[in-house]
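Protein chains: 4
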Amino acid sequence: MSLRMLVFLGSTREGRMGENVAKCVVNLLSEVKHEVELIDPLKIGGDGHVHQPMHFYRDQNDVPEWMIETNNKIVNANAYVIVTPEYNCGLPPALTSVLDNFPPASYRHKPCGIVCYSMGSFGGIRAASFARPFLSELGMVSTPSACVIPQVVGKFSDEGECNDERIKNNLEKVVKEISWYGRAMEEMRSKEGVPS
Amino acid sequence: MSLRMLVFLGSTREGRMGENVAKCVVNLLSEVKHEVELIDPLKIGGDGHVHQPMHFYRDQNDVPEWMIETNNKIVNANAYVIVTPEYNCGLPPALTSVLDNFPPASYRHKPCGIVCYSMGSFGGIRAASFARPFLSELGMVSTPSACVIPQVVGKFSDEGECNDERIKNNLEKVVKEISWYGRAMEEMRSKEGVPS
Amino acid sequence: MSLRMLVFLGSTREGRMGENVAKCVVNLLSEVKHEVELIDPLKIGGDGHVHQPMHFYRDQNDVPEWMIETNNKIVNANAYVIVTPEYNCGLPPALTSVLDNFPPASYRHKPCGIVCYSMGSFGGIRAASFARPFLSELGMVSTPSACVIPQVVGKFSDEGECNDERIKNNLEKVVKEISWYGRAMEEMRSKEGVPS
Amino acid sequence: MSLRMLVFLGSTREGRMGENVAKCVVNLLSEVKHEVELIDPLKIGGDGHVHQPMHFYRDQNDVPEWMIETNNKIVNANAYVIVTPEYNCGLPPALTSVLDNFPPASYRHKPCGIVCYSMGSFGGIRAASFARPFLSELGMVSTPSACVIPQVVGKFSDEGECNDERIKNNLEKVVKEISWYGRAMEEMRSKEGVPS
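Chains as they are written, first to last, in our numbering: chain L, 1 to 196; chain P, 1 to 196; chain F, 1 to 196; chain E, 1 to 196.
These aren't lab readings, by the way, just hints derived from the structure by calculation.
Some clues are possibly wrong.
What the hints assert, rightly or not - Straight-line C-alpha distance at most 27 Å; calculated BS3-like pairs for lysine-lysine: (1) L:Lys43 <-> L:Lys33; (2) F:Lys176 <-> E:Lys191; (3) F:Lys43 <-> L:Lys43; (4) F:Lys191 <-> E:Lys155; (5) F:Lys33 <-> F:Lys173; (6) F:Lys191 <-> E:Lys173; (7) P:Lys191 <-> P:Lys155.
In this text the structure is predicted, and so the values were computed from the model without any measurement.
Make a model of the complete structure from these sequences and hints.
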């Protein structure tokens, strides 16, 4: 069962490592026949500020085009993966600002996988743990096995190839879990709808 | 589809409010035909310390009887709900010590609902948010809608009846979600097993 | 002893409530003779993205003027207060993106007070708790008593007057604590320097 | 300026590594002339449950002797250090149950250093970050530089000697900071009392 998936990139930093990590995730998801699209905060439109989340616009006609497009992708997706660095023991604003812009209803009752990375030895593991209540509040369930990538520099090529076996295995674990949860929830959704 | 569920009570305090809240949750789950059992940290055995988690015993013959029994219940359950107070902006030791005693494999890929309460006006909402990474690490997915119960005193009878409509609705929402996720995951599990 | 303080506003949302709350905090700090300046993420320069934190520029000559100015203010301040909403159980990107742009060395060993608010009944209390590890990582110590403001609408005038006694008392508590910690740490700093 | 310090050990597990780590911390604090005492949850009395926090007893004559003694030590101390493992992405019940038993007033406006450890490669760093809001709620300020100890096995002798230079340096950093903050706050306290 092929699913529609979005991969959210949580960095806008010049020279960001996350781009290659995200490519790797996109590749792995594509290999198992999911339709995948990368959501890059630098490309979707808007600046990095949350000026008005989509569902806060009084007149929905005023909602900018990029928001409508991105929201449609979120609504149409069956599952998500975030690829995120850790900034000062927290989630990067690039990740939260993108996700905060859209209504929880768009994400609701869909699973989200977590991939985090850092240049140091802790791999952004705290960002992964703080991501969980954040994703839950948006209505998602985060799948159990986060992939934590320490010392990310040099581990991914520009084409998204990973040269580290342990990490590759962990990424494949994330892929398996998000596929499993995505299917489980999609099947229930198509049979019974979702809990209101 | 009837499921086997465990409700974990997160308080051992004298005069604990959670007992009545947990009864209410047990009642609501039973009404929709689930088999439910309450896990009370004061009754399962052991003191409150984690002396040795079950999976850390070198000789599994040394594992105490109460641990084996409780672990069997955890393994056999399809879904869980925690009913928890908040102590000093964190999870109470009564909750963490019970759950920490058992291997993640026993909880893995099952959903957990969250009900939190307090005597004050914030309802233990921070405990709910800190519960999410904790439950994830144990291998569970926490369902999105936590039921947050502020000013809990006087809201639940000794039989577990709730006299507050808003809270009752929110508890029913938790029940619906845990049923939905429990079934979704159980069906996938029986069809394909779980991701390793 | 008069201190130099910065108040960081954590919202860029149209119609943001935080502006009036922050004015109130600025007023209260000024009344006890501190020099206070508001750091408004919409006014300091840059968009909302973290393109390159100041200390990551290879050539410090490339650092934009607004960054140098803001960093100078951070370095010169003795203490800080954040005034922040909560977005989806987390810190708003407006707050994290501003603070993430500057080196921990600029904030190091100075105290930070926390004021949070929301339109609902939980007052952003989870944002306050997630702020603590974030501020610590940047080198600050957060003072114990956060001021949590539920149902913020209508409680603050455009001049920053607060019409709610309980909240005013709590804000004054934050002011007293940040003054106390600011002085304690400033005196040690001037006598002995700071721990490296 | 010599201070009175308590070191809280956050483990009750058989074969716990924390005992040697805590000894090392006690030694380092003693070398710089502080009076230090270790609070070991297995030795202070009570089982691991929070049956009734001290300040919740209606009749203070009913408070058990071990609680009064431990509380007196907490009240008399100028500063604290926690030495803690991480259990399932959270704080161990051994730590929270000890600290939860005593009133925030006993800890209020004193600094607390953080030392965390694990057998794996992340060193319990998430426990350190979750400790911060918990310690704050109890009225403490946590000092910025946590010492994170990965792969703890074999790094500390039974006498508390550490054979790893990097860790020793980080422990000394914690010692310097807790001394600095302890003195800064103690001096303010003796001059002006503490903010109510």
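Do the hints match the structure? See the list:
Under the criterion of a C-alpha separation no larger than 27 Å, the hint pairing Lys43 (chain L) with Lys33 (chain L) is consistent with the structure, at around 25 Å. About 15 Å separates the Cα atoms of Lys176 (chain F) and Lys191 (chain E), which keeps this hinted pair within 27 Å; it holds. The suggested pairing of Lys43 (chain F) with Lys43 (chain L) holds, with an alpha-carbon distance near 23 Å, which does not exceed 27 Å. For the suggested pair Lys191 (chain F) and Lys155 (chain E), the alpha carbons sit about 36 Å apart, so the restraint of at most 27 Å is broken.
Of the pairs offered as hints, the one joining Lys33 (chain F) and Lys173 (chain F) holds, with about 16 Å between alpha carbons and a cut-off of 27 Å not exceeded. Distance restraint check for Lys191 (chain F) and Lys173 (chain E): the Cα-Cα separation of roughly 19 Å lies within the 27 Å cut-off, and the hinted pair is therefore satisfied. About 42 Å separates the Cα atoms of Lys191 (chain P) and Lys155 (chain P), which puts this hinted pair outside 27 Å; it is violated.
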